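Novice: Model the full assembly from the supplied sequences, consistent with the hints where possible.
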Amino acid sequence: MSEPKEIAVRHRVDYTGAKMGMWIFLFTEVLFFGGLFLLYSVFRSKYTLAFHDSAKELDIFLGTANTVILLTSSMMMALSILFVRKGEKASSILCQGITIFLGLVFLCNKYIEWSAHIRHGIYPDSPLLLQMSRGKIIFFSLYYVMTGLHGLHVLIGVCVISGTLLFTARGKIYRDDFVKLENTGLYWHFVDIVWIYLFPLFYLIT
Amino acid sequence: MNGKGFPLHIPKSRVYVFVWLSLVVLTATTVAVARLHLTRYAVLTAIFIASTKSGLVVTFFMHLKEEPLILKAMLFIALFALTLIVLLTFSDVWFRYQ
Amino acid sequence: MNPADSVSTESFYKAKGRYGGIFSWILSTDHKRIGLMYLTAILTFFFIGVALGVLMRINLISPGRFISERAYNSLFTIHGVIQIFLFIIPGIPASFGNFFLPILIGAKDVAFPRINLMSWWLYVTGGILIILSIFIGGGAPDTGWTFYAPYSIRTTANISLALFGVILLGFSSIFTGLNFITTIHRLRAPGMKMFRMPLFCWSLYATAWTQVLATPVLAITLMLLILERFFAIGFFEPNLGGDPIMFEHMFWIYSHPAVYIMILPAMGIVTEIFPVFAKRTIFGYKAIAFSSLGIAFFGYLVWGHHMFTSGMSDTSRIIFSLITFLVAVPTGVKVFNWIATLYKGSIQLDSPLIFSLTFIFLFSIAGLTGLMIGTLSLNLYLHGTYFIVGHFHYTMFGGAGFGFFAGLHYWFPKMFGRMYHEKTAKVSWFIMFVGFNVLYFSMFILGMQGMPRRYFQYLPRFHTNHVISTVGSWILAVGLILMFGNFIRALFKGEKAPMNPWGGKTLEWQIPSPPPEGNFETIPVIDRGPYNYD
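One line per chain: the protein sequences are A, B and C, in this order. Sequential numbering from 1 applies to the first sequence in my numbering. Sequential numbering from 207 applies to the second sequence in my numbering. Sequential numbering from 305 applies to the third sequence in my numbering.
Please keep in mind that the hints were generated in silico from the structure rather than gathered at the bench. Computed from a predicted model, the values in this text were never measured in an experiment. Hints are not guaranteed to be accurate.
[Stated by the list, open to error] Taking lysine-lysine and the DSS-like style, the derived pairs with C-alpha atoms no more than 27 Å apart in a straight line are:
(1) C/K320 - C/K412
(2) A/K180 - B/K278
(3) C/K590 - C/K730
(4) B/K278 - C/K497
Specialist: Printed below as a string of structure tokens:
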């Protein structure tokens, strides 16, 4: 049962306003990544065959695994908010911890994928890549830039969730004031959605 | 919600689990469909499935279902803007790259 | 005044915060202090930009005598970058928007005051980086403010540093827009329905959406350009399979809406001024509100008219030309409504009104010449000539700039609690008006005669008009100095300003000049529209 003081908190913080601000920030991210997706679609229509061929060099298993990892981490974030709202602090911390863990696994997989490509001499400005067809150069440039930017966002998310985990542990995020966690969740789900689109467009177009 | 938008309704965890299951199934679907070599329709199908997955994430994980109409309208505006940008750019690219 | 009252009516300048000295300003989250810090920085950059412009014009009366070709390329590049990214785009929203939006809707501050402060810091940092790029390393950028690929990829100048500065400015703009949208939706006073807001707020709202939805595209484009300079990414590099026209697309997808970020708030300012100085309510409130949204919407879809000669497909050129004509319609709606507001009004011909009337005049010339160059066939001849330079200076300087000056004359008493010298204001206006038109109208003529823009030197037949134009720049500069001298003098020696020197009806005129911290003793309850003159 919430004390009057706690209920007062619920009336002090403007939840809709705080979430609105976060959503608007996510719209800017949509347009930000949108520019890259625009470039992808333009160059894909120009170099359709080269894109088909180049996609074969990507590891579908790792890509699918990463997709499921992020989807699971999204569920974990949603559950963590649920647990805070029910006052179950420990469960929320556990879910946030799992989210962080899954985010790090995602990044490890990315590292494995990238280092494999780099070992084979395929990276931006590499002598090998520059000898290849134009379409292949553009495909891998898009691959590195888009998955790289996405990975950066995953890393940032992991850092921010580490922060919310600490706040939850210290009681700064709790049943009557959890908008920080909710907004962090919104960000994390957005990162998930970007990957939901990246995955088929790079891995499944063979 | 109270006047400040504090959500009074607490969702049940099984909603999230169901959504997660649907997402995993859709992921498996999109991988399977990719092997079917639909050529021209491959991209459209992939985008369609991805959009369905995103829709689930937005509606349930991001709680857009419970949010006021203004927020839903704003999301629509942002997506509409991106769509127009892509379409107008293609009015150039499509006719130039032939 | 009971000292135990929680909200003092002491001016916000005297308010005691957590920090002392300069930190009470640069770490302040008070929207009024942030607005003034922006105003100071913006005007500083404006004058640097003006100085660069004067230097450019000096070169053009005697090409090569004082300034080298390489230096000239950098001059017009930095002039553009400063005036566009550091003056006009942030200009009105960051200064007057920050200062007055909360007051106009009956709020104590914006929705996210700390993010507001962060926006200012991003702005200052971005500005410093851009200025730095002039002096260090490979030399000041020389690509034009449009940074077209592939030259911007290959030049050895300090492009990446300047681009990074611009990206920071972009984020500053994005966060301001985000703040204003949330503020308008969440912090309006009781009874202040959306359609009872002052129209300046509507213009800020439309602008904020443009800032939020267009700027990120610029951010990614410039980021890619930086990456391209370090790694052979190839998106815009033809040798690697890239498409330079895609750079132009992505650049203008932001930069055209950007000009609406520039002009919509200026239109908002003059919309505030006309009712007050005609003592009549605004004609067609809803039409003006919706036309702001309409301009923002259509403005999003016309970017291709900057690219008619780039090699784009014919289909797209026709589409963009058509939509370009459409965007003139909501603008026309505004002009007719302003005139109708003045009609049979009790006209008080003070400097805010004079600058606003000048806005209509100069912006109409701008708009009409805009229709000319929006016409595909004419554009093929006029693209890249001085006609374009004339057009955009009429819009950006004649329009947004004079709108900004109108705002300064209107709101100066409220922000600083002092009155400037009205007669000096009128004299400075006259000098600026003459100088402006001599400087820029001659450019239309030069353009039609075939003088290309960004050229360091030119054929002898263009010489006379260039001299006329340069003399105009000197006259304009004198007017500007006089105008700002008037303001600076007023800051120290001006008469104390009353609460409502102009007889305005909007909320800022119901609180002291300057306002107290927190703006209102008690949040007002609104029961009428904003311009209720009967």
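Novice: Does A/K180 pair with B/K278 here, judged by a C-alpha cut-off of 27 Å?
Specialist: holds, 20 Å
Novice: Check the hint pairing C/K320 with C/K412 against an upper bound of 27 Å on the C-alpha distance.
Specialist: Distance ~16 Å between C/K320 and C/K412 Cα, so the pair holds.
Novice: Does the structure keep C/K590 and C/K730 at a Cα separation of 27 Å or less?
Specialist: Violated: C/K590 and C/K730 sit about 32 Å apart, past 27 Å.
Novice: Would you check the hint for B/K278 and C/K497, treating anything up to 27 Å between C-alpha atoms as holding?
Specialist: At roughly 20 Å apart (the allowed maximum being 27 Å), C/K497 and B/K278 satisfy the hint.
Violated hint: 3 only; the structure is consistent with all others.
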